[in-house]
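Line order of the protein sequences matches chains A and B. At position 56 of the first sequence (counting the first as 1) the number is 39 in the numbering used here, and the numbers step up by one without a gap. At position 73 of the second sequence (counting the first as 1) the number is 56 in the numbering used here, and the numbers step up by one without a gap.
Derived from the structure by calculation, the hints contain no laboratory data. Hints may contain errors.
Straight-line alpha carbon distances no greater than 20 Å define the calculated EDC-like cross-link-like pairs of lysine to aspartate or glutamate that follow [said to hold, decoys possible]:
#  : chain 1 : residue 1 : chain 2 : residue 2
1  : A       : Lys27     : B       : Asp22
2  : A       : Lys27     : B       : Glu107
3  : B       : Lys11     : A       : Glu61
4  : A       : Lys57     : B       : Asp74
5  : B       : Lys178    : A       : Asp145
6  : B       : Lys139    : B       : Asp116
7  : A       : Lys27     : A       : Glu172
8  : A       : Lys139    : A       : Glu150
9  : A       : Lys143    : B       : Glu112
10 : A       : Lys139    : A       : Glu176
11 : B       : Lys153    : A       : Glu172
12 : A       : Lys143    : A       : Glu110
13 : A       : Lys11     : B       : Asp74
14 : A       : Lys139    : A       : Glu112
15 : B       : Lys11     : B       : Asp22
16 : B       : Lys178    : A       : Glu150
17 : B       : Lys178    : A       : Glu53
18 : B       : Lys143    : A       : Glu176
19 : A       : Lys73     : A       : Glu61
20 : B       : Lys178    : A       : Glu112
21 : B       : Lys139    : B       : Glu110
22 : A       : Lys27     : B       : Glu176
23 : B       : Lys139    : B       : Glu176
24 : B       : Lys73     : A       : Glu107
25 : A       : Lys139    : A       : Glu172
Note that the coordinates shown come from a computational prediction; the quantities given were computed from them, not determined experimentally.
There are 2 protein chains.
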Amino acid sequence: MTDLATNTPAQSGNTDATVNGIHMSTLKDTVHAIEQEPDLGQCKFRARNTWLGGNHNCTTVTGFYGARQEIAHKQQYELHADEPPILAGKDEGANPVEHLLNALAACVTTSMVAHAAVRGIHIEALESELEGDIDLRGFLGLANDVPKGFTEIRVKFRVKADVDNMERLKRLTLYSPVFNTITQGANVEIQVEPK
Amino acid sequence: MTDLATNTPAQSGNTDATVNGIHMSTLKDTVHAIEQEPDLGQCKFRARNTWLGGNHNCTTVTGFYGARQEIAHKQQYELHADEPPILAGKDEGANPVEHLLNALAACVTTSMVAHAAVRGIHIEALESELEGDIDLRGFLGLANDVPKGFTEIRVKFRVKADVDNMERLKRLTLYSPVFNTITQGANVEIQVEPK
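Okay, chain A solo, but in the shape it has when bound (with noise of 0.2 Å):
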């Protein structure tokens, strides 16, 4: 595989390009700082919830740290989540697991647009199903030996470009941040203080 570095419309010239709908200079500019100094890709990312009784709480993400300095989003973004009536919630909002479809759908979506923009491959539509497979004996503590995460995600994808690049469009996914975290796994560390 190649990387966003190389191959690029700024190859040709043509840095004020549009590919996908990403403004390609701009997206150089970052890699190219980054390939400058590499602790400028050094990030972290931040979410703050607050429960709101029964299955209800509400994340807020403001900003996050990158490029060495803290970077705020335009605006306050409030995600919802909640259980159906099933699982004993109000139903106010997805509940979590499926806000984890929702960031590994975003994800995979997102790096196979961008690395398919550098590499000059169009798309003009993109849309995807995921379906997950959990037991909830695992999360209800009814059987030890039955896990209590997703076991099995399936992504399915359907894009509108030239047919001939849909092997190497399914290849750039790889690079996607979620689905590496949920595929390689990630170290969690919590900590629980009194408030």
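Guided by the hints, dock chain B onto chain A, whose structure is given.
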């Protein structure tokens, strides 16, 4: 650890109680049904994503399969993802890795609250802050030895509850399906077909 089927208010005859805002008899009904017929615990959660151009895409969540039936949410949930300008987006939503932190925050919160409820641990207030580390060189393909996903995620809870229960409440987060998906990993199968 005990599980959701033991040490519950139901065992003390208090089946109509609400603990931590969760209606205990509803939760117990689900647990007992799955205890009787384990395959009722098999769930398929789903999401559908549509690319809106550039780094902007939208996930819709409408329902899932569980308890041997299709279950619709009371409304369709829409979740927008985008990237900030520094990552060549228009900042129309939290970005995919922030959505992943949201999923984790929501899930460890719900897991703590529900498992605390069945153990009779009352929680008055609960909030959390999450921060996760990503080196963008992985996603950008600038260094093959740099992980593409989160390497470390820190979750800091502040809980208004009996201070003697802090360690116990921390352990209850280990039931979380999203926590387990991230720390244990899951298979993700990707298909790309022409539209």
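Against the structure, the hints:
1. A:Lys27 with B:Asp22: violated, 40 Å
2. A:Lys27 with B:Glu107: Given pair A:Lys27, B:Glu107 is violated - Cα atoms ~30 Å apart, limit 20 Å.
3. B:Lys11 with A:Glu61: violated, 31 Å
4. A:Lys57 with B:Asp74: Since the Cα atoms of A:Lys57 and B:Asp74 sit roughly 7 Å apart, the hinted pair holds (cutoff 20 Å).
5. B:Lys178 with A:Asp145: holds, 10 Å
6. B:Lys139 with B:Asp116: Roughly 15 Å between the alpha carbons, so the hint for B:Lys139 and B:Asp116 holds.
7. A:Lys27 with A:Glu172: holds, 15 Å
8. A:Lys139 with A:Glu150: holds, 13 Å
9. A:Lys143 with B:Glu112: violated, 40 Å
10. A:Lys139 with A:Glu176: violated, 42 Å
11. B:Lys153 with A:Glu172: It holds: about 10 Å lies between the C-alpha atoms, which stays within 20 Å.
12. A:Lys143 with A:Glu110: holds, 9 Å
13. A:Lys11 with B:Asp74: Within the cut-off at roughly 18 Å; holds.
14. A:Lys139 with A:Glu112: Judged against 20 Å, a Cα distance of about 5 Å means the pair holds.
15. B:Lys11 with B:Asp22: holds, 17 Å
16. B:Lys178 with A:Glu150: holds, 14 Å
17. B:Lys178 with A:Glu53: With a Cα-Cα distance of about 40 Å, the restraint between B:Lys178 and A:Glu53 is violated, given a limit of 20 Å.
18. B:Lys143 with A:Glu176: holds, 9 Å
19. A:Lys73 with A:Glu61: holds, 18 Å
20. B:Lys178 with A:Glu112: holds, 13 Å
21. B:Lys139 with B:Glu110: The given pair, whose Cα atoms are some 8 Å apart, holds under the 20 Å limit.
22. A:Lys27 with B:Glu176: Since the Cα atoms of A:Lys27 and B:Glu176 sit roughly 34 Å apart, the hinted pair is violated (cutoff 20 Å).
23. B:Lys139 with B:Glu176: violated, 42 Å
24. B:Lys73 with A:Glu107: Holds. B:Lys73 to A:Glu107 sits at ~19 Å (cutoff 20 Å).
25. A:Lys139 with A:Glu172: violated, 32 Å
This entry does not satisfy hints 1, 2, 3, 9, 10, 17, 22, 23 and 25, going by the numbered hints stated previously.
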